[in-house]
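Participant: Chain residues, written in single-letter form:
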Amino acid sequence: MNKTKWTLVAIVVITVAGLYLFLNVNQAITGHVEFTGQGVDIVLDAPHEVEKLSIMNEKGKVLTVVAIGPGLRQKIPVFTKWDPDKKYFVELTLAGGKSIVLTGQSPAAGLEKVSFVLQAPYGLNSAGSIGVVPAGSAFTANILLTNHTDETVNIKVDIKIPAGLEAANIPQGMSIETVDGVRHIIGRKRLQAKNENWNEQLQLKAVQAGTKPLIRAIVTVDNGKEQWQMSGTAAVQVASVADISSKIRIQAVELPVDFTGRFDPKTGSGSLVYVPPSRLARLAGGEPDNRRLDDEPFAYAGIMVSNDGDEHVLILVSGKILDPVSGALAPAFTSPPHKNAGFGYSYGVAAIPPHSGTQVVLPVYLNENSAVAGSYLFKTEASVFGVNKVISSSEKEIQLVTRNDRPVMITLVMSLLAVIGTGWLLWRQEAALSRFSTKELVTVSLFGTVTFVTVNLPQTVLWDITHVVFGPFSFLFTGFFSQTVLYALMIALAVIIPRPGAITLMIIVRFILNGFIFGHFTPLQVLTYAALAVCLESALYTAGVTRNQAGCSTAGKVMLIAIACGLVDVVTSYMNFMAYMTLFRLFYADWYIQAVIAAGFVYTVAGAAIGCRLGGTLRRTSMD
Amino acid sequence: MLNWQELTRTGAGTTLIHRLDPRVKISMLLITGFVIIFLDNPALLAIMLAVGAAGMLIARLPLMKLKVAVVVVLLGLWGAVFSQALFYEQVPRTVMLTLIAPELPVLGPLTKGLYVYHEGVIYGLRQGLRMAAMTTLGLLVCWTTDTRLLLLGLVRLRMPYSLAFMAVTAVRFIPILMQETMQVVSASTMRGGSRLSIRLLSPILANCLRRAGTLAVAVESRAFRSQDRRTYLEELCFTPGEKMFLSVYILLAVIVILSKTSYICYQYGLYYASSLRPVYEIARSYL
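If you're matching them up, the sequences are chains A and B in order. Heads up: the first sequence begins at 1 in this note's numbering, then just goes up one per residue. Heads up: the second sequence begins at 1001 in this note's numbering, then just goes up one per residue.
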């Protein structure tokens, strides 16, 4: 090679290496460790598939090893013991064998001995905030006490029910007592082990709109050595449903978002793309994707709900994917029976602070066995938690796009065949053409014309007209031209000029004529003709027609050639369907493809047999 | 009756489109063929079809050719509409007509019912625009370029001369062969035979083989293939305007193909760069 070629090779190598490094640059995986009463939470900055997790102390002693199930994780809670003011190491083994180590320093003071949480209404986490409850409805107040010590503690809870609220239902083991005309809910419990908790829900009823009752709770703790008290308060604003409805609205619905609620620009709003597991990756020894049909969320919807009022509101948001015609839940999108309490659709609760908005992220499930591409309706409804009345709703049209990689892969194979065929022709054009005499070139050219006149012409004109008459079964009629006549002519030519390349030249002439007369100079035509040329040349060479000029001397040979041609037609017809599906985005039913191919096989076998006989007759004429 | 001599007569005209260098036309056709595969926006496809149709009017093509173009385009559109009306696979689907009920013996279980879907008709029409646009442009190029120049253009684009010779021979023989086929069919009919029989191939091909022998002698006597290189009476030469036009067209095509390819790579999870998000947005919304 000369200097220029070496330079070109060097440029290509450097470009490929640069691209490889650019595309395969290792993205740093980061996260942190949070210490909780039950152990630690491993929080990653982005979701990753984690296979195994080990927690070690400062001395490198392994304290806990946890195997994690399949699926992407961002927060992984781990039950483990930790001591205050110590350093801990968490080693995460990711899918693919890569591992990272996170470091965490435990709090110096440790956790308080007993923690107490009062939420009213249930789910309102912000301390000091006021939640809105509809007048006349029952709502839930939640208490949670956790023992963070190894000692047994006796706990007494005293919840004062203010005017404007009534106790609708109290848990077993608790009682209502009236002290100085004020009702109290009293309960006692012994927590004997570390991390043992006491969690109760009280049903309270808001009586009159416009009041703002304050719930006060006093907790007395006794561990046998000392006694102390803790207190908590929660205020609720009682309002009418109409009043709440005027201030709550569904502001925006985005789909798909990731599970943190970020909009995914990949497919655009309202577009869900389902890509079946890659067969190619599986064939190439790729890792299984561990997908469990509709068990894991397929996508997420982010619903922004705004609150124009002055208090927190607890909102129940539901997202249903419906058939736009019938209005029923779309079967492909119903959540699995063991998810979402078996309702078939997703829902979530959000506490919305005053004069702000909160995004509720709902999972969307897809049953891959019944997923059908098309338009669906995503209906979102918001209601005040605990009240069975929709106060705001919205509808958004969504598109499910399903992608099947089979047509794409087969089109790529066709492209490869076309590139190989065209490349060979360009490379060896002089040598290939010089093997044919002028008479042979003219013969091939005239056969090309005959093929065009007897196959392409009727095919172009009749194909669509026969559609009108015979509907989807028109291939039974057009197969006579597109298979029987075509293969008869091609095999006849192969018998007259039994050399590799004659068929290819004829196909090229036919392609050019088709382009000159009907303007069919499209990449699809190139693929179709190239695939036919490569496959048929290979088949005829293998069958001996163009290799040892065996011709069609015996019935066995004729049968062999006919079956070889039939198989070529099966392969090329199938490839053509796949190319049309990929390049022109057309649909074809499986039964239709199979029927066309089966009929094509029969027509081709007949055509090839006729071609053998025709070739024999014409061979004598050509020798005149 | 279709006049094949008239239909295959090309390049007779003096309009701007007729005068364009054949290499420009061939390149445009091939580039458009690739670009159109990447396009999904029906408005763009309709614009391309309209451009092809406008080109035919500007080129002042004979009425007969315009009629043929309309028929060929409509047949192609019909094929796409009809097939997609039957095989549309997305939802919602509204049944307009039941062709085969699922209960029908044999065909019912085979096809699981065959219906004409309203949405499929619209989808087929949209996808058919792609084929219609390409066909229109192809016909425009072929009918406004002399076959001799078209072949010269192909030769200048590295097509082997022998192949070009074969193509021109084939084109020149179409009217003769049509005539001959008609004669053979007429003779067969007069003898009480079928108009549509594979047996007719034998006399047609026998005549072709005899012609091949005569033609081969004729061209060899005119020094065909005697030299590796050959000269031409006419030489093709790009005008500055053609160079500019082709450069801009290639640039636009590269932009469209790269934009759509980057979007497809993103969709398939092959490659994503946040800096390319505007490109993805444009590709998704407008291409």
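In short, the hints are calculated from the structure, not lab data. Treat the hints with care, since some could be wrong.
As the list claims (entries may be wrong) - Derived lysine to any residue pairs resembling SDA-like cross-links, with alpha carbons at most 20 Å apart:
#1 B/Lys1065 with A/Asn456
#2 A/Lys439 with B/Arg1211
#3 A/Lys439 with B/Asn1207
#4 A/Lys439 with B/Ala1218
#5 A/Lys3 with A/Val13
#6 B/Lys1112 with A/Lys439
#7 B/Lys1243 with B/Ile1026
#8 A/Lys205 with A/Ala235
Keep in mind the model is a prediction, meaning the values are calculated, not measured.
Participant: Each of the hints needs a verdict: does it hold here or not?
Facilitator: Here is how each hint holds up against the structure:
At roughly 18 Å between alpha-carbon atoms, B/Lys1065 and A/Asn456 fall within 20 Å of each other, so this suggested pair holds. The straight-line distance between the Cα atoms of A/Lys439 and B/Arg1211 is roughly 10 Å, inside the 20 Å bound, and the hint therefore holds. For the hint pairing A/Lys439 with B/Asn1207, the CA-to-CA distance comes to about 14 Å; that is within 20 Å, so the pair holds. Taking the CA atoms of A/Lys439 and B/Ala1218, the gap is about 10 Å. The hint holds against a cut of 20 Å.
Between A/Lys3 and A/Val13 the alpha-carbon distance is near 15 Å, which keeps this suggested pair within the 20 Å criterion. Taking the CA atoms of B/Lys1112 and A/Lys439, the gap is near 54 Å; set against the 20 Å cutoff, the hint is violated. Between the alpha carbons of B/Lys1243 and B/Ile1026 the distance comes to roughly 14 Å, so the proposed pair stays at or under 20 Å and holds. Distance hint between A/Lys205 and A/Ala235 is fulfilled; the C-alpha atoms sit about 14 Å from each other, no more than 20 Å.
In terms of the numbered hints stated before, the structure departs from hint 6 and from no other.
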